[in-house]
Amino acid sequence: MAQHFLLSPAAKTLSLVQVLRMSEEAAREAFRKVRWPETNGEPVCPACGCVDHYDLKTRKVWKCKACSKQFSETSGTVFHSRKLQIRDILGAIAVFINGAKGYSALQLSRDLCVDYKTAFVLLHKVREAIAQARDAGALKGDVEIDGAYFGGYVKPANKREDRKDRRKKINQSGKRQVVIAIRERGGRTLTFVRKSEAEGVALASQTIAKGSTVHADEAAHWDKLAARFPTKRINHQIAYSMEGACTNQAESFFSRLRRAEIGTHHHVSGDYLGLYAEEMAWREDARRNSNGDQYAMALSAVGIAGKSERMCGYWQ
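With this note's numbering, letter number 9 in the sequence shown gets 936, and the count goes up by one each step, no holes.
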């Protein structure tokens, strides 16, 4: 029997020990090469693009000779205004990558011995960077589309006579949202957070190339897809796959997202559901890459992502 890829040596090319044993200077040099590969790590002013600078002796920053602004390795990136050492940030990204079902902020705060707020913001910045770096081009070939609802759980009353029908809208919390997954077989996964699954019809028209075959379940709102795409439908009450029609790869993504919600995070705020969905889509698409390649991909995303307007100064 062939060995599963994730159990093979080829899947394990990242050493967390090696990352955490780096000196701060070595970590700074590594981050510079990721951020400024075109100059082999030589600093480039994020404000004006000038490569000429002064080295300040009082602090580990540079001063641009053209615009006189001071900047560091992380100025203008997703880690703008950071206080953690860069070695700790690289270590945090490494343990984040190795989490098969994601990585919780509480666990990271314990591993790095930092405040929960610090870990929460750091991980969300990494998720933002990954989401920005993902290719959002049109999907082609066989494309599966499906939706799954998250959040809005209403706890039933203790006594049976006090319990209400939670299927009725009047008894719901209004916080329930649907994650719509559009997944190219053997390719990429795009995710969207909406109020109803029916909104996926318009999203399919925007993200799937003409001529592609769309696979969907028997929900009535997917009937409209036939006007634009060749469609294959699968009735899950009869089978999960039949005559080439199935949405199993979309369901695989939802399985990973639910395992992350229940097994790792225990609760996902509706405000950040989109970021968690993007993270799990990236993990699902990169599952056949070694953890070293995934680490390089995440570092590259962090290096090119701009300042996070949402998370920078979040707790202020």
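Calculated from the structure, these hints are not laboratory results. Here a beta-carbon is modelled for each residue, glycine too, at the ideal position from N, C-alpha and C. Certain hints may be false.
Mimicking SDA-like on lysine to any residue, the simulated pairs with C-alpha atoms at most 25 angstroms apart in a straight line are [to be verified]:
#1 K1102 to S1031
#2 K1028 to A1154
#3 K987 to A937
#4 K939 to G1219
#5 K1102 to L1130
#6 K939 to N1218
#7 K1082 to L1130
The following label-pair restraints were derived from C-beta to C-beta distances [as the list claims (entries may be wrong)]:
#8 L934 to S995: 48 to 56 angstroms
#9 M949 to E969: 17 to 25 angstroms
#10 S1227 to S1196: 49 to 57 angstroms
#11 K1137 to P964: 30 to 38 angstroms
#12 Q1059 to F932: 24 to 32 angstroms
#13 Q1243 to N1098: 45 to 53 angstroms
#14 S942 to Q1243: 45 to 53 angstroms
#15 K939 to G1240: 35 to 43 angstroms
Hints violated by the structure (numbers, ascending): 2, 3, 7, 10, 13 and 14
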